[in-house]
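Residue numbers (my numbering), protein chains in the order written: chain R, 1 to 201; chain Z, 202 to 316.
Because the hints were derived from the structure by calculation, they are not lab data.
All of these numbers come straight from a predicted model, not from anything done at the bench.
It is possible that some hints are incorrect.
According to the in silico footprint, chain R covers these stretches of chain Z (three or more CB under 8 Å from chain R) [what the hints assert, rightly or not]:
no., stretch
1, 202-209
2, 213-226
3, 246-256
Some residues of chain R that are not near chain Z, with every Cβ distance over 10 Å (derived) [stated by the list, open to error]:
no., residue
4, 25
5, 70
6, 80
7, 87
8, 100
9, 108
10, 128
11, 136
12, 146
13, 177
14, 178
15, 186
16, 199
Just so it is clear, CB atoms sit at the ideal spot from N, CA and C, and this is done for glycine as well.
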Amino acid sequence: MKLVIITGFLGSGKTTLLLALLKDLSSDGGRNLVVLENEVGEVGIDGAYLETHGLKVKELYSGCVCCQLAGSLVTTLSELREALDPECVFLETSGLANIQNIMGTMEKYCEVVGPDEILTIALLDIERSELIFEHDIPVIQNQVKMADVLALNKTDTGEAGEAETAAAELERMNPDAFVVPMSAAEGENLAPILDRLREWI
Amino acid sequence: MDIEDFVPISFEGRVALRGPGGPQECLKAFLDNLLGALVDAGCTAVGHVKGMMTGGGGEPLFFSITTLENNLRFQGGPLGDSDTYTLTMNVIVAGLEERVLTKTFSTVLRGHFNV
Ligand SMILES: Nc1nc2c(ncn2[C@@H]2O[C@H](COP(=O)(O)OP(=O)(O)OP(=O)(O)O)[C@@H](O)[C@H]2O)c(=O)[nH]1
Ligand SMILES: [Mg+2]
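Next comes chain Z alone, as it looks inside the complex (with noise of 0.2 Å):
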């Protein structure tokens, strides 16, 4: 294994929450499938999945695993109540190529929220 099996990919964008709970539950639900989806597609490594969620007046949530069994942590927050809130991530994994990894990421993103 080379850090150039590490892809990087990035996403920033409005998105609108599309399950029911807060967006804390929705970003964990989202979060959880993308690792699995991940997993699936062929990833063997996780360098940093990482992000921040802002908006409804609230503090930013940020979050980060490290780990293929999903060892997600959150910090900061709360968020504030909205219908839409500002996500900004980076994704860094092994083992995929940067068409997979993206189509993975988008396609699992809007089984969550409306983007």
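Just chain R, with the same shape it has in the complex (with noise of 0.2 Å):
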């Protein structure tokens, strides 16, 4: 079963784009994908939005699956894959999760999901750019090491040659991933991810 995780930090637009890459990917047909929310908030707000648009969605909340609710994580993708099968879950991360953490969750427990088939997007948010640039927050720095996807959210909101300079910067950081700038409210520049996800899937 393959496992595509959204992360980024608070706000950074993983709900957002997750449901711009499910509309489309769905209009493909006969697709199994299965979506699994997690939220550090005592309450679900995320999952509720991807129901109104017409999702179905299992919610992990009041924790995060790279710490407290690690067990969780494992047991609940190896019962979706008993009870549906799906050929991909997409996890929307907490947005203070350690993708380190989770990898290495993956790596040593999960038996249904194998190590080649997981793929990492990563949001990074341009309108706080200081966040990723300036204030060398671990868990963001993580973010940026140990994504498949960096992709640099809310550029219709930057000035102009910023999601460039902002670009550029991520592939340095890590050369090995691919860098898009786009906007998922906006539906911009979406197309590069769609394409290397159904390649991937």
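Since each chain sits alone in its own frame, please combine them into the complex, following the hints.
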């Protein structure tokens, strides 16, 4: 079973991107895709939002799948495989998740998703680029280092040239990643990510 | 700055409109004041202030703020007409102790809604 991990700092646009990607992929017909939501807050809001758009969502909340809920993540993936046998699960991590811990958990304990079956998309919010480039927050730095796709989101809010400069800096920080400046809310430049997903799933 | 600086609080409950205007106007006024009060209390960064309001038989209204300058965005809606609505919120910000965050949130909320 394949797993797409959509990660990124709080409010970087994970749910917005997830919805846009799933709407597009679902239009292929015959796809069996499942969404797994993880929120730090005690109440789930993203699940309700996605459900108003007709998506079925499994929720893990009141903790983070990188620490308190690591066990629940592994169990839930096994249960999803057993019950629905999806071709791919899309996991939205909490905005505070440490991707390194999640990868560690998957590698050690998860039997239903192999190490080559994980694609990580990390969102970076250009509207708050200081969080990426100035504050040196370890969780965000890890996301940049470990992601397969770096989605530089909210390019509609930036000034001319800002996205290009930020994208070049991200390429320098992780030369192996596929860097895509885009706007999830405006649906701008999602095609490179969708192509990559279709190829990969 | 590190991830431990970000403190989460949640709220879920029935609220009644106090001011003039519909639910979305009241929410906007509440969120404007909330952001101002958080900054006054020493908040140094917004992680995510987000939530949803439901009720009146309309569509759920979602809202989200991610910057100290208050870049409020609404999605969904419109809510139906009603005296009371259900408000669900997650607030995650940096620079405040949980006690201060909870008190600030509660004070501003009660200034705009009967809870
Ligand atoms: N201007 C702009 N806003 C965006 C874009 N993508 C998302 N947003 C807005 O950013 C806010 C946060 O988006 P979400 O998708 O909820 O972010 P998230 O990463 O899922 O948030 P958490 O799950 O709380 O960490 C919402 O108000 C979105 O409408 C974009 O491309 N441009
Ligand atoms: Mg989300």
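For a quick check of understanding: which of the numbered hints are violated here, in increasing order? Checked against the structure, the hints that fail are numbers 2, 10 and 11, while the rest are satisfied.
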